[in-house]
Structures are given as structure tokens and as C-alpha cells.
Amino acid sequence: MDIATIIGYVLSFGLIIGSIMMGGDIVAFIDVPSALIVVGGTIACAFIMESMGNVLGAVKVAKNTLTQKGANPAETIKTILELSNTARREGILALENQKVDDAFLAKGLRLAVDGLPREEIRETLTVELVSMKQRHVRGQKLFKFLKDTAPSMGMIGTLVGLVNMLANLEDPASIGPAMAVALLTTLYGAVMAFVVCGPIAEKLERRTADETANMTVVIEGVDAIVKGHNAAVIKDRLQARLAPNARPQDQEAA
Amino acid sequence: MDIATIIGYVLSFGLIIGSIMMGGDIVAFIDVPSALIVVGGTIACAFIMESMGNVLGAVKVAKNTLTQKGANPAETIKTILELSNTARREGILALENQKVDDAFLAKGLRLAVDGLPREEIRETLTVELVSMKQRHVRGQKLFKFLKDTAPSMGMIGTLVGLVNMLANLEDPASIGPAMAVALLTTLYGAVMAFVVCGPIAEKLERRTADETANMTVVIEGVDAIVKGHNAAVIKDRLQARLAPNARPQDQEAA
Amino acid sequence: MDIATIIGYVLSFGLIIGSIMMGGDIVAFIDVPSALIVVGGTIACAFIMESMGNVLGAVKVAKNTLTQKGANPAETIKTILELSNTARREGILALENQKVDDAFLAKGLRLAVDGLPREEIRETLTVELVSMKQRHVRGQKLFKFLKDTAPSMGMIGTLVGLVNMLANLEDPASIGPAMAVALLTTLYGAVMAFVVCGPIAEKLERRTADETANMTVVIEGVDAIVKGHNAAVIKDRLQARLAPNARPQDQEAA
Amino acid sequence: MDIATIIGYVLSFGLIIGSIMMGGDIVAFIDVPSALIVVGGTIACAFIMESMGNVLGAVKVAKNTLTQKGANPAETIKTILELSNTARREGILALENQKVDDAFLAKGLRLAVDGLPREEIRETLTVELVSMKQRHVRGQKLFKFLKDTAPSMGMIGTLVGLVNMLANLEDPASIGPAMAVALLTTLYGAVMAFVVCGPIAEKLERRTADETANMTVVIEGVDAIVKGHNAAVIKDRLQARLAPNARPQDQEAA
Amino acid sequence: MDIATIIGYVLSFGLIIGSIMMGGDIVAFIDVPSALIVVGGTIACAFIMESMGNVLGAVKVAKNTLTQKGANPAETIKTILELSNTARREGILALENQKVDDAFLAKGLRLAVDGLPREEIRETLTVELVSMKQRHVRGQKLFKFLKDTAPSMGMIGTLVGLVNMLANLEDPASIGPAMAVALLTTLYGAVMAFVVCGPIAEKLERRTADETANMTVVIEGVDAIVKGHNAAVIKDRLQARLAPNARPQDQEAA
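Chains as they are written, first to last, in this note's numbering: chain A, 3 to 256; chain B, 3 to 256; chain C, 3 to 256; chain D, 3 to 256; chain E, 3 to 256.
Please keep in mind that the hints were generated in silico from the structure rather than gathered at the bench. Given the structure is predicted, the values throughout are model-derived calculations rather than measurements. Be aware that a few hints might be false.
A pair counts as met if it fits within one copy or between any two copies, since identical chains are not told apart.
[Claimed, not checked] Pairs of lysine-lysine residues, derived as BS3-like cross-links and limited to a Cα-Cα distance of at most 30 Å, are as follows:
#, residue 1, residue 2
1, Lys143, Lys80
2, Lys62, Lys109
3, Lys143, Lys65
4, Lys229, Lys109
Excised from the complex, chain A in its bound form (with noise of 0.2 Å):
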């Protein structure tokens, strides 16, 4: 996992628990029928908005780019390059018995050593990223769903304590505590939606960038080494999709 994902959400509740504990007792602000109402009404519309399956696989998704680190095109690219002096020294068919990592990258290898045409490894391998993008647009989707939905169901809890205090009003001693409570599914809401399912949202949105970036420097990357492009050219070309500080200086690939 990412340290920065577990540093913000220490941080974030850290200081929204401190700000409250400051100004009163945390008790105030535990309720568990407003819980349920925010998040497992949240969960509920999730249900009816996609099938299970894909609400599972999109959890998954979502779990993965959390946890798994991202792609890096600067050490893909590395690679690139060693394979494509191989494929230069002893011809292609050597890429064979050469271990790659990048799951990706290898099945672009075997289409290759395969002896597919360019255009048609192309085309495979960017029917793989688009449909990979697909995928992952659809976790994003969801968390987007819940991130829009959980202040709703907030604002659904407050107005339905609101109705009730109002409808309710003979003591008046029990409304600043009523509507305290009312108030404390829109916060929870705030919370779920701001500090939980919005970051998480936009997390999965850089990490297909990242990924989508890594998968075309390796559909380059073996376009190039099956047009046995040079090494030189083939750096030149790759590297241009890094930022010009994450470009590697090693020169013995040159």
C-alpha cells in the first residue's frame, strides 16, 4: 500500500476526532442508527445501481491499485531496451527464454516470437488496454456513485430527524440535542463521501493513467523491437513519454 494513502487517512480522521474531542465529548457524536442509515443506505444503492458481481470485482479493482504498487514506465522501459539488444545480438526467437515480470509485456514478447504481424500484436495488445481501461473506469464509477450518494442519504437522515423534532416541539430542552443528532448523519455523509470515497475515486483514476502510460510504452516498446529498431531510437522514442526528470541516464543501454 501506499504510504501517503495510510499517512492521509491517519491524518484526516486524526484531525477530525481531535477537532471534536477540543470542543465537547466524542460521545455526542457516535450514533449508530445514523451510521446505518448513511453507510448502509450508501452500500444499498450500490446494490441496485450495479450487480453484485461487478460491485464485488469493482471493490477488488479498487483494492488492488490501493495495495499493489503502480506501474513504472522508467523500469519498463529498462527493460525494453535490454530485450531489444538481445532481439538485435541473437534475433527474436532468443526473446523466448528471457523471464519478464510485467504480465503484459510478456504476452506481447510471445505474440512476437509467435511471428504475428506488427499491425495485428498492435492491435491485440491495444484491445487489452482499452478494455483494461474499461475495467477500471467502472471501479471509479462506483466510488464516484458512492462519493455523490452518502451526502444524499446524509441529508435524508437530517431531514427525517428534522421532521421529527419539528413535528415534536413541546419540550423545548430536547431540540438542541435532536437536532444535534439530526445534524450528525449530514456529517457522517461529509465525511464518508469527502475524506473516504472521493480520494479513493480520484486514486483510481491516477493509477489507470499510470497504468495506461506503462502499457503504451510497451506496445511501443515491441512494436519497435519487432521493427529491430535500435536501441538508441528506441530509448529516444520510449523516454520522450517520461518527464524529462524521471528519464533514466543509463548509458550503457545507449
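Chain A is already provided as a structure; the job is to place chains B, C, D and E on it using the hints.
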């Protein structure tokens, strides 16, 4: 019907009703005129924006996609692989006698058996895909419109209640209950928008994506059969469109 | 005019007025200055943003699409199939004497009879389609602008009322009625935006989609007639653009 | 300047001021510090987001498009038809002596007279069209930014006023007037956003669409002149871009 | 740094502080816990959504684009015209010894001197342009996220304060000050969002547009030099990308 959808509706309405009953009397939350202005008014606005035939058509699309099982691309790929084996063994005309459940695949096969050129088959099927999407988008937009309009009608109802209340402030005891009733339309609008119509709109969008994926597999598959590719190549190509863990491991087809 | 539109307006206004009269006196909801600032102010803003000729033009487009019957692609396809039969039997010049109601189809036929190359016919008709869409978008944007502006003018009116009320708090009895009047502009703005202008904007969008579908059918149909396709092929192609249940079963045309 | 713009501003401000004066004293609505924080603060934010030269440039673009008459494609088409007749009668070099008001059309003719290949003329003119759009978008975005920022500055001003008021609740008589003043910034922000900046941003967008339509007519027209089409064909093509009722009936040009 | 940015910040904060001091005591507006929950909580959410390296990278991109002078396409065009004259007089290899400040132009010239085919030079440079845009979009999105999150954290802080206040209503005298403090987080969130982060996000977007325009000029310019166009043609082409009044009148280059 997706079992998740039923669970989702039962759960969300159960939680809202439960939270009402915990804090007071559910009778205070039932007000027929308020329900009329929100539900009736929202549907009336839908009649303004869309011809009656299209409203009913869109509702039917929505009902279908909720009650019918979604498309299953993995199943479709399996069928296509079997058909491609038949076509290679017995010639493309042998496909005429195959019974195929998927109406879109059946149409594609009929065009292939009729001997239309590849490009024309692809074009005709693609037109059908595009027009399916346009029809579905229409249904989605109707439910998004309902989702956007319901809170507005709720707000209009609340404003009407507030103005009535403010114009008659003589009896202080009536202020609370009057305001409680005024807030009910906002509550109804929020439930109608965020628990009923919003998730349906989202579900329709996902179903369209599923059906698009399935139809794309059919278009590519028929194209590959006509082209005379062998099953292994077709499998490689089509399965690239599935999530890695959804790819069937049927050895016999390859 | 679509009967649904009339029903929609009668129903929505009836419900709002009904809910007003159930809770109080409708006289309390009529305030000419409030109506002036909301309706007049919103229209004044439209004059700022668009030249007067274009405002009137857009209103006319809106009126036309509301009062005229929408396009009927199924009917158009039937006409095209008949024309294609004539063209195959008697030659394309025979189309010169055919009476065709649809002005766009008539123009396409005229270009075909004039012997223009296929690509040029398609291009000229497509330019017309694109420029129809641009004109319609203009009308849609005007009504979306009105929809967005009306609540803002309502809010401005309410703020004016609140400031006036707050600056003169000496008479407590006047607070309620003053605030009731202040809220009226918000109510007017909401009704104007969500019941009047919003649904019209949506309806215009749908009508544009209908007309686009119809014109696309014409463009494809004229193209197929010039190409000399037989009616069966044309029917297959054009009907792919209709919903499955909207496809006519006219055996004689095929 | 469009007369509609003047009417729009006079009308909208007149209605707002009128509604103020009907309900109270206009003096209560004038507060220089409130105006400073809203108007000044909004403009200050514009300086943060855009270099000073570009702010001034965008304001100038806005001023030009408001004060200058918009493009008139029908007029441009008429000129092009006359030029095409001259070119066919006397050769394309005869266009060198033609006086043309539209600077963009003049540039296109100059390139044609210089004997550049058709594709290059089209490319150069298209670059100019694209870069015109980019400059205009910049101006539109500035006014949209002002529109989005003004209500925020209004809210900031109101929050400042509320905090000040709440921290000093000793004198109940001062609460009303203090809150009235606090609300003024919200009112100013709303007027600045929805009456002043919003309509200008929209108007700029429409003007860009007009100018794009006009420049497209010029690009197509110059292309057709160089290609040597006769006036009837050019007229047919170019007028397809106009609304049916805007197509001139000048018989002599055809 | 753009002088306008400094002026903008000084002016906007000066106006806000001034309006605070006019109406009360600035001490009432300083509350460290409120600042912690808004600023700290917002930054913590950014850590959740983005890996730490990328947060820092994006901040650096933001800082660079604020402190560095923006790209100047007019200046770049002048340089390119001089280089094209050199290339025509002394051959393209003579460009090897030219000192060029713009790193992107220098790379383009190096590729040209290396004798790469035109299409490949254009492709490599375009990849670099696209990947620059993707990096910048990342920075923009971070600041947009901060802008969207800050008001949410402000609302969460205010809700916490309100619940605390409502749960302890015994002392009426404390209600005003408690609510004043509760509102401070909303105020902080609005200032952080609309005065600090929003304008930076917008400025980043504009800087990206500037840099894109400049890099496009370089790509077209290098392409034209390799193609061997003379300076007059190049000037015509490149200056079409500038605003009419930004086109330099340097007679000697033409």
C-alpha cells in the same frame, strides 16, 4: 431481475423507514398531497420533455434491462469459437443450420451466410450497435431527468409550505408541525431522486456498457469467422476484451 | 403539439396550484413585482447574451419543434424504399417527377437527378445536417440559459426582500409576511426553471436527435439509391437504425 | 454594440433597482466595503490566475465582440459568389484588384492569387480559424471564472459579516441591520455573476460560433473558387450552412 | 513570478482582512484548530488520492509554472525564421552549431541534424508534447481536488462545531460565539478553495495552453525547416497561430 437490485431496494427503504420509526411516528411522514406534488409533478415534467411514446418506450427499456439478465461476453465468445470450428470444418454455409440464442449474433451469421462482403457485414452490425446505444441513452436520460427534477419539485413543495406558514404566523403552536409537513416534500424528492431514479439511471448506463461489450465481441467474432481465422487466433483476440480472471479456460475450444 | 406536452403542463401547474390552495390562500402567492423581477430579469439577461434576432429565432425553433410533429424515420424509410424501386425500374431520372413531402429528401433526390457524384451529394447533405444541429443547439442553449438564470434571479429577489426585512425589524408582526413575500421570488424562479424552461430545453434536445436520425436515414438512403442497391439491401441497412420493434413489416416494399 | 445588450442591461438593472425601491430604501443596499470585497476580490483572483497581458487581452476581445457587429455569413456568401464569377470570367489573378472588407477573406484571396496549392491554402486558413477559437476561448474562460468567483467572494463577505455579528450579540437591536449588511455581499456577488459576467461569457461563446461559421464559409468558398467551380455549385454548397430562411434569393448571382 | 499573481494575492487577502477589521476584531477570526482541520484535512485527503512523489511533483510543476516566465511563441517564431535562413544558406548541418535556449527546439534541431525522416521527427516531438500535457494535467487535477475538498472540510468542521454547540445549549450567552467559531472553518475552506487553490488550478491550465502553443510552433517550424521551405512561407504559416496584433513586423526576417 438482478437479486442485488431487490436487496438494494429492500435494504435502503428498510433503513430509511427504520430510522423514521426509531425517532417517532411513521404517520407523521405520510402526506398524500406532498407525495402528489413531488411524484406527480416530476412525472408531469417528464411528459413535457418527451413524447408519450418515448416515455413509455424508455420505461420499457429500463424495465427490460432491470429484469433481464445482462449480456455475458464470455458465453458469447465460447459460442463464436464453436461456430468458427464448424465454419472451418464444413464451410461457412454450414452456419445456416446452427441455432443461436443471441439475436444479434444470429443476424451477423445470416449476413455471413448470405455472402455479403466483410466490410458490409461489419458496417451493418456497427450501425445496429450505434442505434442500440442511442436508444439506451434515451432511457438513461429520462431517468437522469427524473433524478434532477424530483429534488426541484421537492423544493417547490417546501417553498409553498413555507410561504403558507409564514403568511399565517398567528398560532405559534402550529409553526413546528407546519414546517414538518413543508419539509416532507424535500424528503420525498430526495428519496425519489437518490434512492429510486439515480441508481436506475446508473444501472442503465452499466447495462449499456455490458451490451456494447457483448455486441463488439459479436462484430469482431463474425468478422474473424468470415476472414477464416482459426479458433486459437480468434480466442486470443476476443478474450483480450475480458478481464483476465473472466477468461474461460476451455482447452477444447482452442 | 405533442399531446403529452399539454398534459404535462396542465398536470404540473395543476398540482402546484392545488397544493397551494390546500394549505392556504392563492392570493398570498401572487405578487406582481416578484414575478417581474424573476421573469423580466431572466429574459433581460437573455437579451444581454444573444442578439435579438437570434433570441427570436431560437424561440421560433423551440415553438416549431413543440408544435410540429417530430420526424418519423420509419415513414421516411418506407418512402425511400418505394423511390429505390422506381429508380431501379425506370432509371434515376424518373425520380424527378416523384412528389416527396420531406424537404431534405427532396433536395437529396434533386441532387441525384442532377447527376452529381455520390460523394458530393453526401457531403452537401451532411453539411445541411451539421448546420441544422448547430441551429438547434443554439435554441437549446437559450432555454438552458433561461433555466440556469431563473433561480439566480429568484435568489436575487429573495436577497433584496431579506435585506429590506432585516433593515426594518421594528414591527415583529411584519416579519412573517415580509419573509413570505421574499420567498416568492425563489418559488417563481424554481417553477420557471424546473417546470417551464428545463423540460423545453430537454425536449429540444430530443427533437434534434429525432431529426438527426431522420436526416441520417435520408443521407444513407439517397446514397444507396444512387449506388443502385436493391430495396432488400437498403431496407436491411436503414432499418438497422430503428428500434427492433419499430421496424415496419411491409412485405411488399421488400 | 448590439442594441439587445443595452436593452438587457437597462432592463435587468432597472428591475432589480425597482424591486429594491418598492420594498424599502435604496441607501440600505449601498455599502462600499461590501462592493470592494466582492468586485475587487473577484478581479484580484483573476489577476492570480492569468498574466496581466492576457487579462487585458481577454477584456479587449470581450469588448470587441460586444461593440462590433457580428459576422454575417449570408453577406460573405454573396461576396464570394461575385468573386467566383470574376475569377471564372477574367482568371484568378483578376481577384488581386478586388477590394474585400473581410480581412480573412482577403488573406484567402491573396494566397489564391499567389498560386499556392489548394491544400496549403486550406491548411493555412484553418490554422487561423483554430487559433481564433483558442484566443476567444481564453476570453470566455476569463468571464466564466469571474462568474464562478463572484458568488464565492460574496459568500466569503457574508461569512465575515456573520462571524462579526455572532461574536457581538450583546445588542439585539443591531442583529437585524448587521445581518442585512452581511447579506449584501451575497447579493452583490449574485448580481455580478448572473447579470453581468454570465451573460457576457455566453455572448462571447455565441460570437465565436458566429465567427467560426463565417470563417468556414470563407475557407470553403476560397477552396471552391480555386477549384474553379461555377457560382451555382458554390452557392448550393455554401448556403447549406445557413438556416433555410436566411438563404438569400439573389437570382442574379446564380 | 508573474507580477500579476503577486498583485492578485496581496489585493485579495488585503480586501478580506480589511473587511474583517472594518467590522470587528481580527482576533475573532483566528482559530488554530479550525485552520488545522481545513488546511491539514484537505492536504491529508490529497495524500490519500495521490502517491507522495506525485504530490510533490505536481506541486513543483505548479511552482515552476508560477515562478517561470511563460512561453513566448512570437519569440520562438523569430528564432525559427533565423534558423531557417541559416539552414537554406549553409545546409541543415549548420544548425548543429547554433545555440538555442528552448530545450524542445534544441531537441527538434538535433533530430533534424541527425538526419531522421520528417515524419519520425514530428512523431517524436508530438509524443513529447502529449506527455508534457499529461504531466501538467496531473498538477491541475491536484489543485482542482484541493479546491473541491477545502469547502468540504470546512463544512465538516462547521458541522462538528454545530453539533457540539447544539448538544450544550444550557448557556445561551455562549451560543453566538460558539456559532461564530463553527463558521470559521467554512470561511477558511472558502478562502482556501476560491482565493488560493482555484486560481492556481486555472493558471496551470492557461500555462499548459501557452506551452502547447509554443511547442506546436516548434514542431511546425522544425518540420518546415527540414522540408526546406523559405522563411516567408514559414512565417506565414507560423504567424497564423498568433493573435493578429501579436504578429511581429520584423521585415528583415521575411
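So, going through the hints one by one against the coordinates:
| no. | hint | in the structure |
| --- | --- | --- |
| 1 | Lys143 <-> Lys80 | between (34 Å within a copy, 29 Å between copies) |
| 2 | Lys62 <-> Lys109 | within (23 Å within a copy, 37 Å between copies) |
| 3 | Lys143 <-> Lys65 | both (15 Å within a copy, 22 Å between copies) |
| 4 | Lys229 <-> Lys109 | both (17 Å within a copy, 24 Å between copies) |
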